[in-house]
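Student: Each chain is listed here by its residues.
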Amino acid sequence: MSTDEPVKLEIEAASETRGTGGELAATDKVRQPIEVETLFRDYLLDGAFDEMCTPDGGIRPHYQALVEALASLPHEELLRRKQSADLSFLTQGITFTVYGRDEGTERIFPYDLLPRLITASEWDLIERGLTQRIAALNHFLRDIYGDAKILRDRVVPRDMVYSCKHYRRQMCGLEVPRNVYIAVVGSDLLRLRSGEFVVLEDNLRVPSGVSYMLTNRRVMKRTFPQLFHSQGVRPIEHYPQLLLNTLRSLAPEGRPEPNIVLLTPGVYNSAYFEHTYLARQMGIDLVEGRDLVTHDNIVYMRTTDGLKRVDVIYRRVDDDFSDPLIFRSDSTLGCAGLFNAYRAGNVTVTNAFGTGLADDKAMYAYVPRIIKYYLDEEPILNNVETYLLTEEKSRQHVLANLDKLVVKAVGESGGYGMLIGPHSSAKERAEFARAIEANPRNYIAQPTLDFSRAPCLFGSRMEPRHVDLRPYILFGDKVNIVPGGLTRVALEKGSLVVNSSQGGGSKDTWILEE
Amino acid sequence: MLSRVADSLYWMSRYLERAENTVRQLDVTMSLLLDASETTADTRWKRLLTSLGDPPGVEWNGNMEEMARNLVFDSTNPASVTTCLNAARENARQVREEISTEQWQRLNRLYHQMHSPQAQAQFQANMNDFLANIVDGIHLFKGVSDTTMIHGQGWQFIRLGRYLERAYASATLLEVYQESLLDLPEREHSGYQYLELVGLLRCCTSFEAYCQVYTADLTPDRILEFLLLNRDFPHALRYSTDGVRQSIDAIQLSSGRRPPEELLATAGRLHSMLRYTTINEILDGNPGAFLHSIREQCKQIHELIYRYYVQYSIQSALAV
Chain E
1 MSTDEPVKLE
11 IEAASETRGT
21 GGELAATDKV
31 RQPIEVETLF
41 RDYLLDGAFD
51 EMCTPDGGIR
61 PHYQALVEAL
71 ASLPHEELLR
81 RKQSADLSFL
91 TQGITFTVYG
101 RDEGTERIFP
111 YDLLPRLITA
121 SEWDLIERGL
131 TQRIAALNHF
141 LRDIYGDAKI
151 LRDRVVPRDM
161 VYSCKHYRRQ
171 MCGLEVPRNV
181 YIAVVGSDLL
191 RLRSGEFVVL
201 EDNLRVPSGV
211 SYMLTNRRVM
221 KRTFPQLFHS
231 QGVRPIEHYP
241 QLLLNTLRSL
251 APEGRPEPNI
261 VLLTPGVYNS
271 AYFEHTYLAR
281 QMGIDLVEGR
291 DLVTHDNIVY
301 MRTTDGLKRV
311 DVIYRRVDDD
321 FSDPLIFRSD
331 STLGCAGLFN
341 AYRAGNVTVT
351 NAFGTGLADD
361 KAMYAYVPRI
371 IKYYLDEEPI
381 LNNVETYLLT
391 EEKSRQHVLA
401 NLDKLVVKAV
411 GESGGYGMLI
421 GPHSSAKERA
431 EFARAIEANP
441 RNYIAQPTLD
451 FSRAPCLFGS
461 RMEPRHVDLR
471 PYILFGDKVN
481 IVPGGLTRVA
491 LEKGSLVVNS
501 SQGGGSKDTW
511 ILEE
Chain S
1 MLSRVADSLY
11 WMSRYLERAE
21 NTVRQLDVTM
31 SLLLDASETT
41 ADTRWKRLLT
51 SLGDPPGVEW
61 NGNMEEMARN
71 LVFDSTNPAS
81 VTTCLNAARE
91 NARQVREEIS
101 TEQWQRLNRL
111 YHQMHSPQAQ
121 AQFQANMNDF
131 LANIVDGIHL
141 FKGVSDTTMI
151 HGQGWQFIRL
161 GRYLERAYAS
171 ATLLEVYQES
181 LLDLPEREHS
191 GYQYLELVGL
201 LRCCTSFEAY
211 CQVYTADLTP
221 DRILEFLLLN
231 RDFPHALRYS
241 TDGVRQSIDA
251 IQLSSGRRPP
261 EELLATAGRL
271 HSMLRYTTIN
281 EILDGNPGAF
291 LHSIREQCKQ
301 IHELIYRYYV
311 QYSIQSALAV
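Residue numbers (the working numbering), protein chains in the order written: chain E, 1 to 514; chain S, 1 to 320.
Extracted from the complex, chain E is given alone in its bound form:
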C-alpha cells in the first residue's frame, strides 16, 4: 500500500489511458471520479479469472453496484467502517490466539470488507454439483463399510482403501441412522481461468469455518446496510436451524425428543469459538469429553440434576481422539465407551467415524468414477487434474516437474505438508522427492492452479487476491446447502495459500437472487 495521495491531474490523465474501471469512470465521472481512480490504482489484471473484471477491464454487471457504492464513499468513511467492523469482531471475541510469546496474543480473524459476489446461475450449478457429489460419497462410504461392491468391480483399487489412514475397520458392518455418514460437509471450490468452478477437496470429517460465514454476514450487514439491501442477497442465517434439524433427523429410533449435544475438544481448540457459537445458536449443550460418561452402552452427561442421557452427538473431535478404548488410548478429549454405545445404536455420532476415507487426497482422484458408479451420472463439478504417485508413469512425470506442480500429503489439511513447486527452493523439492520415493501412497500432485481472484480492500484501494469458496452442505433426510459459504482469501500479494493458519483471511459471500 503506498500512502502518497494522487494528484488530481495525474488521475484525469490516467482515466483516459487505463482500461480498468474505465466503464465505471464514464458513468460515475461527474460524481466522484477521484474516488474511483484511487480505488483502482493498484488493480492489475493478468491471466487469472477475475471475479469483478472482465479480461478487457470492464466491470462484470453483478459487481457494478458494489463498485459504485464504494466509489461514492469518502476515503475516511471507508476507514471508519473498517474500524467499526474490527471492533465488532474484537468485542464479540471472534479472535484466534497467536502463540509463541509469554501470553497468547489474541488477534481478530483476518477478514476483508468487500463481499464476494456470485450470481444465481453460478450458484445453481454449484448447488447441483455438490448435492450430486455428497450423495455419491455417502454411497461410497456405505458401500466400503458394507458389501464393498465398488472394490469387487475394481472401480477403486482395494489397496487404496485399506492403506488409507482414515479407514476404520471398526465401522465395518455397522448400520448408521438413515445411512447417513456425512451429515456436515464443507467442500473447497476453486475457479479456473475459464471461469469454471472445480472441486479442490472435500472435508468430510470435521469441517470448520461456518461460524465465520455467519459472523461475516452479520458484520457486513451492519457495515454496508444499503448496499446489502439493494443487492438482493440470499439469506444464510438459518444455517444453525438447518443443522439442528439435520441432527434431530438422525436421532436413534424411539427417542422422539432427543438430547442433542455438540462435543468439543475444549477451549484450547482453534475452532472453539465456532463450537460455542453453534451450540448457542442451536440452543444445545456444548460438552467436552469429561462431561460424558457411559454405562451399559448408554452415554450420559453430568449435570447439576444428575446424569442425563445423550442421544445425538455432533462431534467436533477427530476420530482418533474420540474414544480411548477404541482409538488412541492416550486421548483425554473423548469419552471412554462412546464407540460401543454408538455400535449398540443408543447414540448417534455425526459425522460417522471413518469418513476421512472419502476425503483422502488420493481417493479424491477417484471421485468422478465414484459418482459415475453409484449414480450413473457425469460429474457436474469437475475435479482438479490429479497425479497419483503410486502409478509409475505419473510419479516419474511428477518428479521431473516438481518445480511446476503442487504436491500434497494425502492425510493432511490446513495447508500443511504441501509443496508449491513454483514458490519452492531446490532443497525443499529434494526433500519432497525423497519423501515421495519413500512413500508414494502418501502424496499426490496437482498442477499449480492460477485460481480466481477477487477485489480486496487495502486502506482505501482495491487490489485483487486469490480466493476459494467453501460452501457448507448438510445431509439429514435430504441434502441442504445454504446459499453462501466461506470465501477464503490469500491476503498476501501473489500468495496461493488461503488457510487461516498460513496468512489467509475470509470475506462474506453474497449469492445474488438473480
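Rather than coming from a laboratory, the hints here were simulated on the basis of the structure.
It is possible that some hints are incorrect.
Said to hold, decoys possible - Derived contacts from chain S toward chain E, CB cut-off under 7 Å, selection only:
#1 L2
#2 S3
#3 A6
#4 R93
#5 R96
#6 E97
#7 Q105
#8 N108
#9 S255
#10 G256
#11 R257
#12 Y309
#13 I314
#14 A317
Unchecked claim - Here are the in silico distance ranges between beta carbons for each label pair:
#15 E/Y268 - S/T76: 17 to 25 Å
#16 E/G345 - S/A319: 46 to 54 Å
#17 E/R255 - S/Y306: 27 to 35 Å
#18 S/Q122 - E/Y268: 26 to 34 Å
Bear in mind the structure is a predicted one, so any value in this text is a computation, not a measurement.
The beta carbon of each residue, even a glycine, is placed where N, CA and C say it ideally should be.
Here the structure of chain E is known, so what remains is to put chain S in place on it, guided by the hints.
Tutor: Below, chain S without anything else, positioned relative to chain E:
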C-alpha cells in the same frame, strides 16, 4: 445444566466479585494514606494484604506505587485485579454458549481495557479514574447479567458465586479490622478516627447506606452491627448469606433430585446465625471467633456445592 458449566459460571462470578473487592480495598487504602494518621503505611498495607487473604509471594516492601501496580497488573499475584479478571473471562469463555452475547461482550471489553497497551499509563496518570472504570465495568456486567439472562439455574449459580465470595471477603475484612476497631481509645472523636471508620465502611461501599440508617454518627459497634446484621444492605454479611441461601434453595427446587440435606442445613444454619444474633451478644462474646466461624461455614458451603452438583460420583448418580 452441565456440572462443568455450573462450575464455570460460579467461578466466573466469584472472580469478578474478588476483582471488585481488590479494587475497592486498594482504592480506600490509597486514599487513607493521603491523610496524616496514627496508623502507619506499614500497618495499612499489611492489613490490606491480610484482608485480601495474604496472597502468596506478595510482601509489603515499602514501595507504595509498586505495590499498587502489583495489585492491579501483576498476573502472578493471585489476588490482583488482572488475575481475577483473566480467570473470570477464562471461565466465561468455557461457557461462552451459556451466557448472553451482551454479558460476553461486556466482560470482553473489561478484559481488553485491562490489557490495552495504554492501561499502565492510564493507571499512572489517574489511579482513581482507572479503578473507578474497572468497578463500573464489573457493575455493568452484573446489570447485564440480571437483565439478559434467564433467571434459571445458571443465573442462580452466578448469584451464588457472587454472594458466597462477598460473604467470605466481608468476613475476612471484618476479622482483620475488628480488633483495631474495637480497641479504638474511648475518647472524643478525632478526625483520624473518623477517617478510619469511614475507610472501613467504604471498603464495603457502605458509607452512605450507613448514614441513612444511623446518621453520620460513627461508632464501632454500630458499624459492626450494620456490616454484619443489616437485612437490606447488599454488602452486609447477613444480606449476602441470605442471598447464598436463596440461590441454593432455588437451585434445589429447579432440580428434580433428592434435596441436598447437608447443604441446605449448613446454609440455613449460617443464615440463622446472622438472623437471630444481636450485636451485643457478639461483642460480649468473641467477635473474632464469630467472624472466623462465618468464614469456615462459607468454605463448607462451597465444598458441599461441589459434592452435590459438580463432583458427585457416578455410582451415586446411577443409584438414584
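Student: Which constraints among the numbered hints does this structure fail? Numbers only, ascending.
Tutor: 16
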